[in-house]
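Visitor: The listed protein sequences correspond, in order, to chains S and Z. Just so you know, we're using our numbering here: the first sequence kicks off at 1 and counts up by one. Just so you know, we're using our numbering here: the second sequence kicks off at 802 and counts up by one.
Since the hints were made in silico from the structure, they are not lab data. Owing to the predicted nature of the structure, the values given are computational and were not obtained by experimental measurement. Beta carbons are placed, not taken as given, at the ideal position from N, Cα and C, and that holds for glycine. Zero decoy hints are in this set.
To be clear about the criterion: a stretch of chain S counts as covered by chain Z if any three or more of its residues have a C-beta under 8 Å from a C-beta of chain Z, and this derived list gives those stretches:
| no. | segment |
| --- | --- |
| 1 | 343-355 |
| 2 | 424-432 |
| 3 | 477-490 |
| 4 | 543-557 |
Restraint-style ranges between C-beta atoms, simulated for each label pair:
| no. | chain 1 | residue 1 | chain 2 | residue 2 | range |
| --- | --- | --- | --- | --- | --- |
| 5 | Z | D967 | S | K614 | 44 to 54 Å |
| 6 | S | E349 | Z | K1102 | 17 to 27 Å |
| 7 | S | K16 | Z | Q917 | 49 to 59 Å |
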Amino acid sequence: MYISLNWIKDFVPLKKGIDPRTLGELITVHTAEVEGYTDLADRFKHIVVGKIESIASHPNADKLTVTQTKVGSKTHQIVCGADNIYEGMYAPVALPGAQVKWHGEGDLVELKPAKLRGVKSEGMLCAGEEIGLENKEDRIYDLKGLDVKPGMPLADVFKKNDIVFEIDNKSLTHRPDLWGHYGMAREIAAITDNTLNKLKPDVHIPTKGESPAIEVKDYTLCPRYCGLIINNITVEESPQWLQDRLLAVGYRPISNIVDITNYVMAELGQPLHAFDKNFIKEGIVVRRAKKKEKITTLDGQKRELDDTMLVIADHKKPVAIAGVMGGENSEINDETTSIIIESANFNPESIRTTSTKLGLRTEAVQRFEKSLDPILAETALQRTAELILQVCPDANIAGPMTDKKKLSLEEIIIPLNTEKVSSKIGAPITQKECIDILTSLEFTVKKVSDKRLEVKVPSFRATKDIDIEDDLVEEIVRIYGYDKVKATLPDLPITPPMANVERSRKHYARSLLSYGFGLSEIYTYSFYGKQELDNCLMNDDHHLQLENYLSHDQTHLRTTLVPNLLKNIAENLRFYPSVRVYEVGRTYKENGNYFPNEEKWIAGAVALSPDDEKKAFLEIKSIATTFMERFSRYPVTVKKTKTVPPYAHPSRIGGLFVHGKELGRIFEVHPQVLAHWNIEGPVAFFELNFTQLAGIEEPLLQYEPLPKFPGLEIDVSVVIDAKKTVADVAKEIQKADKKLIKTISLFDIYEGEHIEKGKKALAYRILLQADDRTLTDEEMASIQQKIFKNLKGIGGVIRGA
Amino acid sequence: MKEQLLALQKACLDAIKKADSSNALQEIEVKYLGRKGELTAILRGVKDLPDAQKPIVGKLSNEVKTVLEEALENKSKELEKEELNKQLQDDTFDITIPGPDRSLGHVHPLSQVQHQVEKIFNSMGFMIMDGPEVESEYYNFEGLNIPAWHPARDMQDTFFIKGKHDKKHGRMVLRTHTSPVQVRTMEKYGAPLRVIVPGRTFRYEATDASHDTTFYQVEGFMIDKNISIAHLKGVLAQFLSSLFGKEVTVRIRPGYFPFVEPGLEVDFSCLICGGKGCRVCKYTGWVEFMGAGMIHENVLKAGGIDPKKWQGWAFGFGLTRLVMMRHGIDDIRLLLGGDLRFINQF
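Isolated chain Z (complex conformation) (with noise of 0.2 Å):
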């Protein structure tokens, strides 16, 4: 009876082990569990068996019973699990349906470089300071020490406002540059000063793919005791090298503009080819970037600040050459063309 029992578990495990689907596992246990099934025909011939034998055969067939019962859950739980793997395998859900409208807007690239540039100079210590656009010629030529007789003054570069004349401001002009605000912002503070002037400015001058009537500069300046030359080649370095996220250095040579003595130009080095010469920078290794130098002392003073205490830079530079630069952009009038399948791009 027991080797019976034993044969029976030994080919009732071999089906469930071999069985691949829930249909073959459900006829196994059928065949041998089910009320006409094997073991449950042992089981009820248990009492007809000697009382000896009675309670062993009995116990034992408890446990194939149990095992076998154990085996059949199991497996089924595989096969479900398989099943279920199998019927998602076969999904034809298809990924590159487009997900539903969730677009965002666009912030203009002048506005995102301008908050980048007001960002680096704010964590070295500039203060970022606004100035009218509509100037007066006082505050945007003579108190910058651009006398009636220089050529910037020509109606060739100036936008000029009817009708309006002061006897201190004279005639009213729009802004051909960021730097009235020197003054301006030295009569509000006085000394020391670490400022930039990121703004719209404007030019008389006819519209191509590099000139526009409107443009942004940001102009900067620092004034102090010991304000050198050799500090604003440090700062521009930090500036340049925080901006375009690499060590970049910086070339001065000699220039003019007549707010500052000494006059420079400032050029950095080449960011596509690091200065062995391409396309970009017309093989010179540099990229012509801003006019700088040393506040003229014309310019300090009329501003109220002492000369003989106070000395410092300031330097100007194109905002929005910066960002077609960086963009690659190779006609000005996008910027302010407002064509939403040019700022959508940013």
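Okay, chain S solo, but in the shape it has when bound (with noise of 0.2 Å):
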């Protein structure tokens, strides 16, 4: 919204040359963001005044003149192009630095001195549309009859010396008061200690004669409406003032009545509509509209409405949606002699509903949808009549008002407890200070005792806006300024906050994953469409579904990380030959409850080139093991697990178990799942069900002391039938003796030219070592030969033996 300070004047004695800078900062500070501000006379900078003194002709062109232009004490010489200029005519000259815009088109751009066919040019004679004045025609504009000099500023003579501040919408959302110059005034009348002049309608209503007929069939959605008939007007161009105050405001002059109702709608927040009387037939009727019923607005569109909608009819047709916009039907036009003009009150919920239906936001809905003050209605019918008596002299007023209403105007009268006003506030603020303030706004103080007040809201502020103690504070507070309260630390017990474990261990395991296995951390969306459910043979069972969304990839919430990581890992390949990422988020699973159960995972991923076939996996496996050992601290099993999601290789997975609970899996991704997402090389995953991993509480390590006697190492290396598991191996190996074999190393595997067809060679060192002697050899022969044995007992053929 945009304010004028010329306008505020009209109700502020502010002093002269405040610096509008400083002004906007304060109404920032105390009572809504002001986003920038204007000063209008900066378009018109190094415009001035010219007179043509002598006009030549060009000698290398014959559609230009060369002028002698005074301006000022000096006189330019400037190349003019139009052929409406004469000997003695006043006319706009830009001089160097001025901003226009060549033929009213374009952007602006700074004027320089030139050279036009040959002959020096300083300045530029105007047209009206080449220096932001209302003047449609391609001609140098004259300024003939205006009392004007050579050299006088342009934005004297055209009264552009306004400041203009832009107000950022959003922060006037509860205010239905600001949304008008004149509650802006009262503001910053009381922001800048000053008084407010009070807007008191000087307008004489007769009490006989003719009221317009209305009738109000919904008191709900239209609480008051007030009309009155004014007669004898004629319909014209507005005077300068007002099409000066409407433009600096951003509102595009129309014609005098319209002029009006928006000039009124800038001052008092109340929007107004003028219906041409003739139209009007037999009189007004507020109702609902009726279902599929049609008008069409003084936009040119023709809409449909339903019977939620309020509309303003006459006995025959819709003429207006109520606190939308007008009628095409009953539109004021160059023959209208006789008006009525509304000033209602509409209900909040049900415009912003209509509004939002049919697509319409305009400045009567932004205002009506914030709840105005019933009460304004009738004052800003009043200013509007003071106004239209002002602009038509010949108008006349047809007879009294006509106001129908069903108000509960009952007054809000709140206690305040001024010592919690400075509680709240944290900064010693005075009853006293607190009754000044609260004053300043035109609320009504009366004092109880010394620490309370009762506190009657003014009208204006009533509805919906101030109706609890705190809203007092706010008032309080921002008007004896932010700045002025100190910031402070409370004085508060030392307790250290409650841990959140999940929390801080969430951050080590990204430090363990990213630090320590090298994994890069990356975000996804907490969604996925049909296309990655398909490309990942999923379907969308346990699926939430959104309502409305935003695109295709965006429907389903997910109920594990793997599809958006595969898409993401696949766009990564592009750049890089192998890909290892990670991501810590949420699934959202339906379980026939309100709430879903929403679960916190770990997802990693090792995407390798083609020719690294198996290693995908033993790295995925690898990462995920010790990663879960480091992280709680016990040790981690990879068994045959039951949950094989469809994106698994069916057989390239095992469940990840610690202490017999399985927590997640490592697989690799089907190759078919794969080949929809064009990664031709392995990916191997783990999933991990990171709230239940998180749970496993740390064990408190215990130290064991160190060997006291030395080990003995020895090789075994066995043929065995490839069906057989490495795992399978080393249980049979273990077997020979469960205390003295610490630990089995396999180093190498052999599967080949070399050897038998299915069949493979494992070959293992073992460590044997006592805690209490020395192994003897014949100690360390026997374990060998145990060994042997249990191999050979499950088809093992020793080599080297």
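With the hints in hand, could you dock these two chains into one complex?
Guide: Rendered as structure tokens:
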């Protein structure tokens, strides 16, 4: 919203020459955010009145003339291409440095001295549109008849000496009273310690005569409707001062009557509407629209209504969508001589709903939806009548105002504890300061005791805005000044806060995965779509779906982190030969209850180039198990699992177990899924339920004494059926001596031409060690023989033995 | 004889001193101390001397021998050292050859900054809370004093979940802010409270360089007997100064959020220009940072806390925005885009 400083000055005796930046900041820190301000005179910098002294033909161009134009004490040579100039003419001259728009089109450019077809030109004679004046003709603006002198700044000629502030509408959401200059002036008076000049419309409304016939059928949606007939008006262009004001705050002047209704809205915040009385059959009816009833609004759009919407109608047809926009069928036109002015109060929620349904947001909607003061309707009508009579001297008011209303105008009185005010603000604000501030904002304050007040809320603040004590605290502190509230730290006990173990461990998990295992953390969206589900061979079971979504890859809430990670890997493989990433995020699963299961998971992946076929699984296995063991401090086992998600390779998958509990899985991605994502190399994942993993209480580690006696190492190489697993073989070895065999490490696997088909050779290094003695050669030989025997027992052939 | 020996010693020492290589030194050794060397010759001649002179010359000769041997030894070490030095100096090892790959992974910048924020508030006694991302209309709106007619309730801002409805909770939404955790925490723990809630939030909003459907917020609130706006100013100044590692001042001005009263906007002094005004702060000296205010009595009531006994403030700021501001990131979509060319910079 735009606020004109000149307009404000109608109501507040501000000091002359108040710095607009300072005033803007005051408004920002006390009332509402000022986004910026414009000095209207800036647009006219270096543009002055010139008097054309002589005109000569241009030596090199027959369409151009060379003028000598007096601008103040100097005379400039200016080349001109227009044909309406004459000697002795007063016209706007843009001097070098001025901002002009060539032929009224395109961007503003800075004017520079130039040579036109070889003749020097020190400025430009301007058409109105070239310098932002309302003058549509492409001819030099003739200043004839105006009180001008050569060299006079054009800003002074056209009174473009206003400052216009732009206020952030969002910061006025709860302040219907600030949607006009008068309300803003009240604030500015309070924050600059001035007295507001109260607005009292000076108009005589006759007690007898013709009043508009008005029938309100739905007082819930229209608590008040005031109407007044004015006859004998002449519709014409508004006087310049009125146009200037409207232009300054962003309204396009249309005609005097429409301009005045806009003027009063910009001044008081009350939207008004003027109907041509001739088009209103029998009288005004305020009613709900009929289903599918149609109206063409002032913007030329035909709109279909429904029965929740309120219309203003006559006895035949709707003439306006109440509080939203007027209809074409009753619009003021050049022949209009009698008008009915509407000044009403509508239900804010209804206005908002109607506006949303129709996709039509207007200045009126913006105000009505904030809950306007119903008393304002009458004041605004009087002010409108006053201005119409001032602008159309022949006009007359036909008779008394019709005022239909059903209002519950209960006064809001709030008890205020001024000690509480200080406590909540954290500054020593006296009761007197509270009283002074509230009074300056037109609250009525009654002192009850040294710490108690009774505060009556003025009507313009009483519509949803202020109804509790804290609302008054806000009024007091913002006028008192937030800058005067000193930053202090609360005096509270130093007990440590309750720990959020899962949170802190999440950061630990990230450090391990990123800085220990070299994976990079990425964040992906919480949703995916049909395509991602299909690609992963998933269906939409257990998925929550969005009612409203923005794109087709954001329709379902994820039940696993895998699809989005895969999509991401496919994208990153364009730039990197291998990708190692993980994500810590939530999954959301429908469970039949209202709230879904929200779980925290960690998923990580290794994607390698095609020639590293088996390496991906093994790498992810060592990452996942080492990570989990370090994280939980318990051993992790990889075992067959029954939970095989559709995107996993059905035989290259293992469950991750701690204490016999399955916390997640490692797997290679199903080859078909990889094909769907156009990924050529192997991708292996781990998926871990982080909530469960983080829930394992870390054991307090106990020191184990260092070995006192040396150990012995023996190597065993066995050829065995390829179906036997490495784990099976190790188990047989261990059986030979559960106590003395300390470690069994596989150091070679061989399958190929040098051994029988269907067999593989495994080589182990085995450490034997006793806690209480040095082992003898006999003990070693005996264990070795047992190992050989056990391996033979499962069909193994010992090599080199 | 004595003179001859001393002259020989001097000549030999001079030669050693002048020697500039091991070879030269070798020759000197041969010349004087070798089997046919000059000193050896003298020593051999001792037996032919008169008896009276034998012990004297013999002793002197041995002394000379020791002196010369020592001198040769020292010079030899010296020359060896020089030669090693020269050899090392002439080495052509190329230190610009890259080392073997030991690159680490990267932690997402949002995680890094979130961790930092959590640590600062934790150290000031705030506990860190979590809440559901799929939330009910009740907790996301009504409980926060945002009635049905409020603009924030429009379809244009909120993602709704299909087919979910509950009498108390209303429809189901993706939380549009971290504020629902306020009421949830109050219900669970009661007063007093010192809490922050960092988390993922969602808006149904067309995506561009500064808008995304998904972003991160940090909610903070404090409830006790006498908690005031002055404390909000104090705590936030502490937090921001810790976060940015320099003194930061906080400006408060009026703002409107339905769940607080008074409602506040909080700005901090521009870190680039220190408040003098620059392009970053749009020449105001202040950077808009968060919404805040004293918790509305209706919100306290919704959380089961008696507003007559307890009071407090709440604030919320965009963690995503903070990360973008800190690292000069000009496109919000990079944060959830997962492009490693971006992530690997952190």
